[in-house]
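Undergrad: In order, the protein sequence lines correspond to chains H and G.
First residue of the first sequence: 1, per the working numbering; consecutive thereafter.
First residue of the second sequence: 1, per the working numbering; consecutive thereafter.
Errors might be hidden in some of the hints.
[Claimed, not checked] Computed footprint of chain G on chain H; a stretch qualifies when at least three of its residues, placed anywhere within it, have a C-beta under 8 Å from a C-beta of chain G: (1) 23–29; (2) 61–72; (3) 109–123.
[Unchecked claim] In the DSS-like style, the derived pairs of lysine-lysine whose C-alpha atoms are separated by at most 25 Å in a straight line are: (4) H/Lys146 x G/Lys245; (5) H/Lys117 x G/Lys72; (6) H/Lys102 x G/Lys111; (7) H/Lys196 x G/Lys159; (8) G/Lys118 x H/Lys113; (9) G/Lys72 x H/Lys196; (10) H/Lys120 x G/Lys72; (11) H/Lys27 x G/Lys236; (12) H/Lys113 x H/Lys138; (13) G/Lys71 x H/Lys102; (14) H/Lys138 x H/Lys25; (15) G/Lys158 x H/Lys113; (16) H/Lys54 x G/Lys236; (17) H/Lys113 x G/Lys159; (18) G/Lys245 x H/Lys113; (19) G/Lys72 x H/Lys54; (20) G/Lys193 x H/Lys120; (21) H/Lys117 x G/Lys159; (22) H/Lys25 x G/Lys236; (23) G/Lys158 x H/Lys146; (24) H/Lys200 x G/Lys72.
If you're looking for bench data, these hints aren't it; they were derived computationally from the structure.
Virtual Cβ for every residue (Gly too), placed ideally from N, Cα, C.
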Amino acid sequence: MNVTIVDYNSGNISSVINSFNEVAKGKINIEVTSDLKKIKSSDKVVLPGQGSFKSCVDALNNIGGLVDTLNEVALNNKKPFFGICVGLQMFADIGYEETQTKGLGWISGKVSKIDNKNGKYRLPHIGWNQINIVKESKIFKGIDNKSHMYFVHSYEFIPDEKNVISATIDYSSNIVCSIEKENIFGTQFHPEKSDKIGLKIINNFINL
Amino acid sequence: MLKNRIIPCLDVKNGRVVKGINFIDLKDAGDPVEQAQIYSDGGADEICFLDITASNENRETIYDVVERTSKKCFVPLTVGGGVRNIEDINRLLNCGADKVSINTAAVQNSKVVLESSKKFGSQCIVVAIDAKLNGDKWEVFTHGGRNSTGIDALNFAKKMEDSGAGELLVTSMDRDGTQVGYDINLMSKISSKVNIPLIASGGVGNLDHLVDGIKLGNASAVLAASIFHYGKYSVKEAKQYLDSKGIPVRI
Chain H
1 MNVTIVDYNS GNISSVINSF NEVAKGKINI EVTSDLKKIK SSDKVVLPGQ GSFKSCVDAL
61 NNIGGLVDTL NEVALNNKKP FFGICVGLQM FADIGYEETQ TKGLGWISGK VSKIDNKNGK
121 YRLPHIGWNQ INIVKESKIF KGIDNKSHMY FVHSYEFIPD EKNVISATID YSSNIVCSIE
181 KENIFGTQFH PEKSDKIGLK IINNFINL
Chain G
1 MLKNRIIPCL DVKNGRVVKG INFIDLKDAG DPVEQAQIYS DGGADEICFL DITASNENRE
61 TIYDVVERTS KKCFVPLTVG GGVRNIEDIN RLLNCGADKV SINTAAVQNS KVVLESSKKF
121 GSQCIVVAID AKLNGDKWEV FTHGGRNSTG IDALNFAKKM EDSGAGELLV TSMDRDGTQV
181 GYDINLMSKI SSKVNIPLIA SGGVGNLDHL VDGIKLGNAS AVLAASIFHY GKYSVKEAKQ
241 YLDSKGIPVR I
């Protein structure tokens with residue numbers, strides 16, 4: 001079994017690598033690469049993402065053939081695919097951070113700035129928030145409703161089809177924080193920084 | 001609901017904890033990795049390392065500490081102290097820090113904040129403001145509180161928000177080490193001036209001070225060193241106390 005973390009110069013992915021290695025404990029091979037062949041031959045793929053929507057999309061596009069490869073792996077080959085934070089956001093059609101930017105378009109919807117209700121709520125939304133699990137998701141196996149997860153973001157993914165939503169959080173509004181659509185999974189929170197419960201989600205994913 | 005955070009801070013010098021948890025059963029009381037793990041197992045919402053290494057040749061030690069800690073600790077790790085430029089930030093992040101706090105460099109050149117938040121994202125850029133009351137205003141100090149700047153802390157806080165800082169770590173120099181409580185006026189003035197989260201620091205002596213920092217100072221997170229280091233309270237006790245006072249915490 002092979003899990004690939006896509007390394008596309010999207011900023012800091014050390015914590016993602018460390019957490020997957022901790023969970024894999026050497027039993028599952030964790031590969032960190034932008035090599036298209038390796039990504040294609042991988043059993044599962046993880047797409048992290050830090051910084052802005054635009055900078056992450058630009059970074060993906062800067063590696064020739066990477067977007068096509070990801071499309072093939074996720075849409076044609078239907079391999080389990082996990083997007084974290086901006087990695088999840090990029091599944092959308094479009095994002096509005098910095099400037100209007102096209103996403104991967106795997107899950108129709110948009111990524112917009114969280115409404116701070118005229119300054120009543122601070123942004124970024126940083127810290128631990130409790131997730132409301134709204135539908136069963138394979139990555140939530142053994143995870144209690146209202147579990148705490150670690151967040152840091154100012155933008156939210158608003159999918160068009162609500163049936164992809166697996167969890168939400170309450171902040172200035174009800175914000176989508178996890179999705180599952182067939183083989184595609186994504187969390188707005190950082191499982192790699194969400195203590196033991198976050199590692200459990202990673203474990204659920206690599207054991208799918 | 002978003003929870004208020006409790007952040008224990010460890011002072012690290014030449015790769016060793018200098019003010020640490022005073023537990024007799026520690027295998028190595030000076031090992032930052034072991035101490036960070038104890039805090040994280042005890043429910044710390046984040047861990048903060050403040051590198052107080054003075055000499056340049058020993059500054060390399062913090063990278064090794066961060067690298068080893070990030071392989072064992074799965075809550076956010078903030079590292080500050082002596083961060084001078086984009087390269088320092090990049091290296092700390094690559095070693096596994098989740099956020100980097102910038103103090104003197106942010107005062108000397110706000111472009112560091114602007115450029116680093118653009119390059120790495122605001123989520124990992126914390127600006128640490130050391131402020132001291134001077135007449136009826138707070139003045140920003142640099143170099144670990146040694147140098148005055150004449151800069152107004154409130155205006156500086158706003159400028160840092162505009163430059164892309166994701167959070168502010170505000171320390172009252174008047175209160176630091178006194179254990180008489182946070183400078184609530186300073187915290188509430190800055191937190192109402194900006195719309196990014198504020199981490200209160202400096203002066204905690206008991207658990208009521210943490211409550212005040214959040215309720216009166218409007219801090220999103222409270223940072224403390226001594227009360228945890230010397231075993232006066234555990235992080236867990238602090239959280240239970242905050243919870244009993246109606247403050248939302250992760251328990």
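Undergrad: Can you give the numbers of the hints that this structure goes against, from lowest to highest?
TA: 1, 2, 5, 6, 7, 10, 11, 12, 13, 16, 18, 19, 22 and 23
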